[in-house]
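Asker: Position chain G with the ligands against the provided structure of chain D, taking the given hints into account.
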Amino acid sequence: MPAVEMVGVSKTYRGRGGQPLKALDGLDMVVGSGGVHGLLGPNGSGKTTSIRALLGLVGVDGGSGTMKVLDQPVPSGLPGVIGDVGAMVETPLFFPGFSGRRNLRLLAETAGVPSARVEECLELVDLRERADDRFKGYSLGMKQRLGIAAALLKAPRLLILDEPSNGLDPAGIRDVRELIRRLGSDGRTTVLVSSHLLAEIQQVCDSVTILARGRRVASGPVAEVLSRAGTGDVRVVVPDPAAAAAVLSAAGFSVSPTPDGQVLVHGAPAPGQITRVLAEHGHYVEELVRVTPDLESAFLAITGERA
Amino acid sequence: MSAMTEQPTTAPQPAAAAHRGSLFRAELHRFRARRFVQVLLGLAVLGWLGAVVIGLLNFGEPTEADFADARQQMEEILASERAWYAECAAEAERAGELAEQMCGPGIDASTWRVEDFVQTAPFDFAATADAGAMAFAAAAAVLLFLIGATWIGAEWSHRTIVALLFWVPNRVRVMATKIGVLALAAVAIGLAAQLAWLLMAWILRTFVGDGQELPDGFWGDLLAVQGRGVLLVVLISLIGFGLANLVRNTGAALGVGFVYFAIVENALRIYDPMLERWLISTNAAALVAPDGVRVVDYSVMTTGPEGPPSYLVTNLQGALVVGAAAAVIVGIGVWLFARRDLH
Ligand SMILES: Nc1ncnc2c1ncn2[C@@H]1O[C@H](COP(=O)(O)OP(=O)(O)O)[C@@H](O)[C@H]1O
Ligand SMILES: [Mg+2]
Numbered sequence: 001m002p003a004v005e006m007v008g009v010s011k012t013y014r015g016r017g018g019q020p021l022k023a024l025d026g027l028d029m030v031v032g033s034g035g036v037h038g039l040l041g042p043n044g045s046g047k048t049t050s051i052r053a054l055l056g057l058v059g060v061d062g063g064s065g066t067m068k069v070l071d072q073p074v075p076s077g078l079p080g081v082i083g084d085v086g087a088m089v090e091t092p093l094f095f096p097g098f099s100g101r102r103n104l105r106l107l108a109e110t111a112g113v114p115s116a117r118v119e120e121c122l123e124l125v126d127l128r129e130r131a132d133d134r135f136k137g138y139s140l141g142m143k144q145r146l147g148i149a150a151a152l153l154k155a156p157r158l159l160i161l162d163e164p165s166n167g168l169d170p171a172g173i174r175d176v177r178e179l180i181r182r183l184g185s186d187g188r189t190t191v192l193v194s195s196h197l198l199a200e201i202q203q204v205c206d207s208v209t210i211l212a213r214g215r216r217v218a219s220g221p222v223a224e225v226l227s228r229a230g231t232g233d234v235r236v237v238v239p240d241p242a243a244a245a246a247v248l249s250a251a252g253f254s255v256s257p258t259p260d261g262q263v264l265v266h267g268a269p270a271p272g273q274i275t276r277v278l279a280e281h282g283h284y285v286e287e288l289v290r291v292t293p294d295l296e297s298a299f300l301a302i303t304g305e306r307a
Numbered sequence: 001m002s003a004m005t006e007q008p009t010t011a012p013q014p015a016a017a018a019h020r021g022s023l024f025r026a027e028l029h030r031f032r033a034r035r036f037v038q039v040l041l042g043l044a045v046l047g048w049l050g051a052v053v054i055g056l057l058n059f060g061e062p063t064e065a066d067f068a069d070a071r072q073q074m075e076e077i078l079a080s081e082r083a084w085y086a087e088c089a090a091e092a093e094r095a096g097e098l099a100e101q102m103c104g105p106g107i108d109a110s111t112w113r114v115e116d117f118v119q120t121a122p123f124d125f126a127a128t129a130d131a132g133a134m135a136f137a138a139a140a141a142v143l144l145f146l147i148g149a150t151w152i153g154a155e156w157s158h159r160t161i162v163a164l165l166f167w168v169p170n171r172v173r174v175m176a177t178k179i180g181v182l183a184l185a186a187v188a189i190g191l192a193a194q195l196a197w198l199l200m201a202w203i204l205r206t207f208v209g210d211g212q213e214l215p216d217g218f219w220g221d222l223l224a225v226q227g228r229g230v231l232l233v234v235l236i237s238l239i240g241f242g243l244a245n246l247v248r249n250t251g252a253a254l255g256v257g258f259v260y261f262a263i264v265e266n267a268l269r270i271y272d273p274m275l276e277r278w279l280i281s282t283n284a285a286a287l288v289a290p291d292g293v294r295v296v297d298y299s300v301m302t303t304g305p306e307g308p309p310s311y312l313v314t315n316l317q318g319a320l321v322v323g324a325a326a327a328v329i330v331g332i333g334v335w336l337f338a339r340r341d342l343h
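Chains D and G, in that order, give the protein sequences.
Numbering-wise, the first sequence is residues 1 to 307 according to full-length UniProt numbering.
Numbering-wise, the second sequence is residues 1 to 343 according to full-length UniProt numbering.
One chain only, chain D, in its complex shape (with noise of 0.2 Å):
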């Protein structure tokens, strides 16, 4: 059983001047049970709106598709699985003038969560020393570690953050990633997490969805998606790089050189080869740097793949 599945889910805005805006155009996503699942696209290719779809926030097209979570219809189903589900949606929303913990607090009492489980929650994302203190005078981190406090109330079978790591500083970015994996693999949490980036994606998904202009352009295992659009290149630095393409170049590479003076090797299945390679012939390699797609050029490569 899928955790969610959204099969041809189209929503329609009116933008400015009342002209349609298609904000998700026939858009299919299945996030299989377990794991950590990722939902990567550029701004504005309708992570937020196909999340809040999901949650029942916005209606979708009249008759476009059809949407499950935990198995249960949206929106009719949701009341009978929001107790399994957690969230946050793009910014962490909260009462100003409350402290953290009475506005987890007022979210537990709704749901019947014991209070012990609030300081859990708080603890998991270190927020026990502030949480007296009221929300409007947390910094950015804070508030999206009180959000994705909030979204681990229930303990929920399905876990939606969107774009967690907003704001926060590189050690709470680590930080979430690692709660993330944790939770992705601890057998029974189902994690959905959205994102722009192509790194946090790779460090922390297990599989990925990938969206631009509301459609899917490739999904599966992070891995494979991401080999399809990778180029394979490697970025050699060496101290001769002349000398060092013409001997990758006899051994077989196809290299080229690059203007800052370091050697490009293409489609190099194992970097490995290629330090022997030099090192052969008395090239010492200071750097070896897999050369990685940026997203843009991932989407170019997978959309590229697909037309």
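Just so you know, these hints were derived from the structure itself, not from any lab.
There are no misleading hints in this set.
Here are the computed distance ranges between Cβ atoms for each label pair:
(1) 310(G) - 15(D): 54 to 64 Å
(2) 197(D) - 41(G): 45 to 55 Å
(3) 159(G) - 169(D): 24 to 34 Å
Only a predicted model underlies this, so the values are computations on that prediction, with no experimental measurement involved.
From the three backbone atoms N, C-alpha and C, an ideal C-beta is built for every residue, glycine too.
Answerer: Chain G with the ligands in isolation, oriented as in the chain D frame:
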């Protein structure tokens, strides 16, 4: 936030097993925790204390000094009246008319009583009970209008009502609960206001009262006015809530309320005096006032004994008009909330 990495993920707990969730209880807690509500109620208590003190200082048996002041005032007025009459009589004589005919009967000082000029009087509960109950109802209604508008307005400005839907997806239920909590609070505060009036009246009667027995049927009549006063407080709180829910903003809702009462109603009165009977403020007063409110059209000149045309706005009409306004304003807001996209 290293704790995040050190803490093991907590074992899932069946949330609903031990505790039943209650949106109503949570909303009630939130209402009581609101700083705005606490500050307003605190100010109301201070205002009440001030009113009691002013009452204690201004009511009471007149003293010798009060009588002396009153006598002096009476003599002054009597003197000026006499001067005026003398002047009038002189004029009549010149015109060859009778003074009685032109200036009325002469001044008879024997009918003037000093007591009528005494400013200080003991507190007369029988005479002020209804007016006091209405004043307390009006004050509580203004308070609850503000509380009702901010109660939902704050939710819209911080969009917390959207976050609440992650917990309770049934939008009508969410709105109904918030309205229920507000109505309950309005009943409680409306009742407290009426009790505050009774307490104030008891204090004034005890210390500066006239010592008179209350007339038969006094309590029945007063309790009826007070009960309708509580109803008014509830309806006005709902109107405040409904306005803020429609425009999704507290400030704008208060602005709409101000424009309506300060400008729209007055404009309508000028346009046609008889429209008075359909205005919210008239109907609100008629709902609480002992025998409703009589709207008189003074723009019609009459000489007949029956006077200018008038219309009685009854308690029932007041309740129906204010109730209908509240129902429409709240109803449209809830209907929109149930259908709209929420961001
Ligand atoms: N409330 C709205 N009204 C009109 N257009 C909207 C609204 N919300 C989102 N959109 C548009 O829908 C598209 C998708 O937005 P969104 O789902 O927020 O993208 P993402 O989360 O991937 O950045 C964008 O073009 C955005 O401008
Ligand atoms: Mg977004």
